[in-house]
Amino acid sequence: AQKVTQAQTEISVVEKEDVTLDCVYETRDTTYYLFWYKQPPSGELVFLIRRNSFDEQNEISGRYSWNFQKSTSSFNFTITASQVVDSAVYFCALSGYFGNEKLTFGTGTRLTIIP
Amino acid sequence: GAGVSQSPSNKVTEKGKDVELRCDPISGHTALYWYRQSLGQGLEFLIYFQGNSAPDKSGLPSDRFSAERTGGSVSTLTIQRTQQEDSAVYLCASSPRLGQGLDTQYFGPGTRLTVL
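So the sequences go chain by chain: A and B. Quick note, this note's numbering runs 22 ahead of the 1-based positions in the first sequence. Quick note, this note's numbering runs 1042 ahead of the 1-based positions in the second sequence.
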């Protein structure tokens, strides 16, 4: 069975601070994918990133960066110089490979950026 | 291009009535997924379509839930004899590629179902 744990239920930071959202996963698959989605107050899930289990390189996209560590089964997400528009619920998700592509989501972290 | 669309955006129904929720995937996307988001259960998978067939129905919570997809495009999720615990946001997602691993799932805005 697959499981994703986001231990941080809610985080509040002051604008321009950096913030890291934690994600720990469990799977028996040797090949799998990890995702982050953002759900702003409007409600629609917005795709942010996908990583496969073969690629442990960290990734940076503007103010966003992701740290994938297979040894600790973690896929953490950092927002640098946070902005009010970053306020949302962030979900980490895990899927298997061919034939097992359904997403298993964590419970989400509600991030509030205080102006 | 157009994203995943879902209708209705909101549905209020009485306990015991049947409801149909519709999903229009992104054009050309062969895979389609239904998920449910509720306060108590979080985001949970319901069913997956590849073309018109559903190789994974493992998330459907009871036999009151069914789904179909026609023409490899539009999908309808039907809930019969609705119960109050069916109240949730029902999300549809689609992804472009057939087989060969996974492609990214893009989500629609959801249908908020309230069962009175």
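Because the hints were derived from the structure by calculation, they are not lab data. For glycine and all other residues, C-beta sits at the position ideal for the given N, C-alpha and C. Be aware that a few hints might be false.
[To be verified] The calculated BS3-like cross-link candidates involving lysine-lysine, where the alpha carbons are at most 30 Å apart (straight line), are:
id, chain 1, residue 1, chain 2, residue 2
1, B, Lys1099, B, Lys1059
2, A, Lys38, A, Lys60
3, A, Lys92, A, Lys25
4, A, Lys25, A, Lys60
5, B, Lys1053, A, Lys60
6, A, Lys60, B, Lys1099
7, A, Lys60, A, Lys92
8, B, Lys1059, A, Lys25
9, B, Lys1057, B, Lys1099
[Stated by the list, open to error] Computed beta-carbon distance windows for the label pairs:
id, chain 1, residue 1, chain 2, residue 2, range
10, A, Ala103, B, Gly1113, 42 to 48 Å
11, A, Ser93, B, Arg1106, 27 to 33 Å
12, A, Ala103, B, Gln1125, 26 to 32 Å
Item to check | glutamine 1125 (chain B) and alanine 103 (chain A) - C-beta distance against the hinted 26 to 32 Å | outcome: violated (46 Å)
Checklist entry - Does the structure keep lysine 25 (chain A) and lysine 60 (chain A) at a Cα separation of 30 Å or less? => result holds (19 Å)
Item to check | Status of the given 27 to 33 Å range, CB of arginine 1106 (chain B) versus CB of serine 93 (chain A) | outcome: violated (44 Å)
Checklist entry - Between lysine 92 (chain A) and lysine 25 (chain A), does the CA-CA distance stay at or below 30 Å? => result Since the Cα atoms of lysine 92 (chain A) and lysine 25 (chain A) sit roughly 15 Å apart, the hinted pair holds (cutoff 30 Å).
Checklist entry - Is lysine 1059 (chain B) close enough to lysine 25 (chain A), meaning Cα to Cα at most 30 Å? => result Not OK: lysine 1059 (chain B) and lysine 25 (chain A) at ~34 Å, beyond 30 Å, violated.
Next on the checklist: Holds or violated: lysine 1053 (chain B) and lysine 60 (chain A), Cα atoms, limit 30 Å.
Outcome noted: holds (24 Å)
Item to check | Restraint status (C-alpha distance of lysine 60 (chain A) to lysine 92 (chain A) at most 30 Å) | outcome: At roughly 23 Å apart (the allowed maximum being 30 Å), lysine 92 (chain A) and lysine 60 (chain A) satisfy the hint.
Next on the checklist: Given a hint of 42 to 48 Å, does the C-beta separation of alanine 103 (chain A) and glycine 1113 (chain B) actually sit inside it?
Outcome noted: holds (47 Å)
Checklist entry - Is the straight-line distance between the alpha-carbon of lysine 60 (chain A) and that of lysine 1099 (chain B) 30 Å or less? => result OK: lysine 60 (chain A) and lysine 1099 (chain B) at ~26 Å, within 30 Å.
Next on the checklist: Tell me if the straight-line CA distance from lysine 1099 (chain B) to lysine 1059 (chain B) falls inside 30 Å.
Outcome noted: holds (23 Å)
Item to check | 30 Å Cα cutoff - pair lysine 1057 (chain B), lysine 1099 (chain B) | outcome: holds (24 Å)
Checklist entry - CA of lysine 38 (chain A) to CA of lysine 60 (chain A), is that 30 Å or under? => result Given that 30 Å is the threshold and the Cα spacing comes to 19 Å, the pair holds.
Going down the numbered hints, you'll see the structure goes against 8, 11 and 12, while the others check out.
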